[in-house]
Amino acid sequence: MARVVVTGLGPVASIGTGIDAFAEGLRAGRSGISRIRSFDPTGFPVLDAGEVHDFAPERMLRRLDPAAWGRSATFAAAAARLAVADAGVDPDRVPAGRMGAVVGTTSGESQVVDQVTASIVEGGLAAMPVSLLERLPAGRLAEAVSTELGLTGDTLTLATACSASNYAIGYAFDALATGEADVMVAGGADSVCRWAHAGFYRLGALSDKGCQPFDRDRGGILTAEGGVALVLETLGHARARGARVYAEVLGYGVNCDAHHPVAPDAASIAECMRIAHENCSVKPADIDYICAHGTGTPSNDLAEAQAVREVFGDRPPPISSVKSMLGHTMGAASGFGAVASVLAIVHGFLPPTINFTRPDPAMPWLDPVANAARPARVRIAQNNGYAFGGNNAITLFGEAP
Amino acid sequence: MTGLVVTGFGVLSPAGIGAAALDGALAGRIDVPAVAEDGFPPSGAYRLDGFRIRDHLGRKGTSTLDRCTGMAVVACGQALADSGIEVDDGNRRRVGVALGTTMGSFQSTSEYSRETLVQERPYLVNPMLFPNTVMNCAAGQCAIWHGLKGVNATLAGGPLAFFSSLRYAANALNRGYADTVLCGAVEELTGYRAWANHLGGGTGTGEGAAVLALERQPAPGRRVVAEILAVTTGFAPDPGTVADALAGCVARALHRAGLAMDGVALVVTGAEDDVLRKALPDGCVPRLSIAATFGECDAASGALQAAAVLAGHRSDPSRDGQVSLLAGYTARGGVAAVLLRGWSGGGTAGR
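If you read the sequences in order, they're chains A and B.
Just so you know, we're using our numbering here: the first sequence kicks off at 1 and counts up by one.
Just so you know, we're using our numbering here: the second sequence kicks off at 1 and counts up by one.
FYI, nobody ran anything at the bench for these hints, they're computed from the structure.
Just so we're clear, the structure is a prediction, and the values are computed from it rather than from any experiment.
Backbone N, C-alpha and C define an ideal beta-carbon position, used for all residues, glycine too.
Don't take each hint at face value.
[As the list claims (entries may be wrong)] Which stretches of chain B does chain A cover? Using the computed rule of at least three CB atoms under 8 angstroms from a CB of chain A, they are:
id, region
1, 73 to 81
2, 119 to 127
3, 159 to 168
4, 190 to 202
Take the sequences, apply the hints, and build the full model.
Next up, the structure:
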C-alpha cells in the first residue's frame, strides 16, 4: 500500500479564500457570520448565516464558465483550482486516468432548487427554466472539478450529508493507497439557501445568538457555505516531483448509526472513532488534537463529548470546533476541518472555539481551546464528521513523513 | 477480476416488483403503458403502479417517508432475502449500503422550498419532512429499517450513480471495511422529474430501484448469481470526446477481465443514443436499453441495467456463465463500464 500525503490546500470560505487568508482567519478566531444576502430573510427569526461574500468565480476559474454551473459546483471548482496551485502540481503532467476528483456535499445545488421552485410557484412545472434544471444533478460538483482541471480519472460526488468531505477524503485515500491513482483532489461544497435555513430553524436547530460549540448555553447552528479541496498524492509521486508535503493522511473510518434519521448517537460515534483508530493503527494517546464536528447544537456537542470521553478517557486531547467561526458549511464542513487539522500539524497551533462564554458542566473533561488559538505540537490530528442519516466519517492526519 | 460476487438482488421497476416482471417487460412479453394522468408531460411517464410504502413496511413510521426512500428500503430488503443473508448483532457492523442518486428527491426538496415562499411565515415548513430533503435519506433509512451499521454511502451521479456505488462498494469490500454491501440506486417518478426531463428534450421518464448484495467471500452454500469482472470509470473534460472516453473505458474493462468484445454476450445501456452508438459500434452483440421500455430512469438506470442482466440469467439457465457489459455516461463527461458474468442461481460460492 502506498503512503498518502497532502500537498495542496484550497479553501473558499467566509473567513478567507486561499490558504494564507484562511489560516490567518483561524489563528485570529475570525467570525465569518453576517446578515444573509443571498435570499430575503424577512420573516425569519434568525437573519444570519456564514455566506461567502464577494465570491468571484470568473476570476478564479480557467476553464469552467460559471454561468453554466450552479454555485456549489463553482465553489468546488474554485477550491480545486486553489488547491492545485498550492500543490504546484500540473494535472496535464499526470498520466491519463491517474488523477481524479471526489467532492462531498449535503444538498448539491440547493440554491438552484430555490430558484427553480420560485419559477414553479409563478408558472407551474412547465415553466421550469432548462438552464437551471441542467445544473441540478449533484454529480455536477465533481464534474465541475474534473472539467476545470482537465482530469480524466475517477470523478465522484459523495452525497453523505454533513460528513461528506471526510467520505471524499477517505475514498481518495483508498484510490491512492491501492495504486488506482497518483493524485486526487478531494473536498466538499455547499451553498446557503432559503429552504435549509427554514428547515433547520423549524427543527429547533438554529441559534439566534451565534454558534457556540460546547458552551453551556449553546443554542444550535448557523447555516453556512463554501468550497474546500485538498490535493492528495502518493508519497512516491510527491517526492518524485519535489513537492512540498504538508502532512500524511493516515486513513479513516466510517460507520452508520442505523438508529434515528437526525439525532446523533454517542455510542455509534465512539465506535466510529475506534474504527478509524484501528484502520490507522493509532491509539487514542497518540492523538494531540481533535477537530470537532462541533455544530453547536445541545445534542451533537453532548454526544460528541461523551464519545470522546468513552474513547479517550477523562483527559482527552484539546478539541475545538471551526464551525464556531465558519458556521455549518454542510458537506464542506469536514473538509474545512481537514484543512484546519493539517494547519495544526504544519504550523503548530490549535484553532479556537470562539463565542465560548462558559463551560458545560455536563462535559467537564473537555478543553475546547476557548476563544483564542494556542500554540501546540500536533503530531496526529483527528477530524470528526457526523451527519443526518447516521453517516459518520472520521479522518486522521499525521506529520509529513 | 475484482473477486467480488453478487449473491442476491432486489428490483422494482414500472413493470412490477421482482426479477420476472423486469425480464418480461424488457423481453416485450409484459406491456408497460405510460401513465394516463394529469401532472405528467406529453412525452410520457412510466410508473410502478400501486406501489404503496405501507403495504411493504407497515404504517408505523412510514407516513413521512418519500417514494424513493420507500422503494430503496424495499429493494434492500429483497436483496437481503434473495441472498439469504441474515443480519444480526454478530454481523450488522459489517453489512453496509451504497446507494446511487441524482439529487435525492427533487419533489421533496422543491416542495420544502415552496413552503418557504407560500406559507404565511417562511419557516412554517414541516420538520418531519426535513430529513427527506437530504440526499442520503434513502441510504440512512435502509440502514435503520434493516439494522445495518456498516459502511453507508450515497453517491450522486445520475446515469452513473449505480456505477459509482459499485466502485464505492467494491473498494469498501476490497479494503476490508465491510463484508457485504447492498449496492444499488433509486429514482422515483414525480411530475417534477418528468417535466424536467421533458423540458430538456427527453422522450419519456421512468422510475425504479435495484439493489445487489455484493460480497467478497460469501459463506459456503450461499449461491452466487454473478461475478463482477471489472468496474472502470473515467472522465472526458471536453464533453465532445465522451464517446471516445467511454470506448476507452470499455476497452480497459475488457483488458482487466482478460476478455475481448467477442466474449461479451449482451450489452445493456441506460438509453440508446449517438454517443453510445459511437462508443459501442459492435452491432452483432445483442443490446438492451432500459429507456426503450421504461423511459429515462436517471440514477436508477445503471441499477436496472445490472438487474436486467441478473433477471435474464435467472429465467434462463442456458445462459449460465455468459458475460454482459453495462455502459453509461453523463452529459458533462463522466463515463463508466462494468463487466459481469451471470448465473441462474445454481452456482455455488467459490466457483
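Under a C-beta cut-off of less than 8 angstroms, do 3 or more residues of the region 119 to 127 of chain B approach chain A closely enough to confirm the stated coverage? Check passed, 7 qualifying residues.
Coverage criterion applied to the region 190 to 202 of chain B (partner chain A; beta-carbon cut 8 angstroms; 3 residues): holds (count 6)
Using a Cβ cutoff of 8 angstroms, are there at least 3 residues of the region 159 to 168 of chain B near chain A, or does the coverage claim fail? holds (count 5)
Please count how many residues of the region 73 to 81 of chain B have a CB within 8 angstroms of a CB from chain A and say whether that reaches 3. Since 0 is below three, the answer is violated.
When the structure is compared with the earlier hints, a violation turns up for hint 1 alone.
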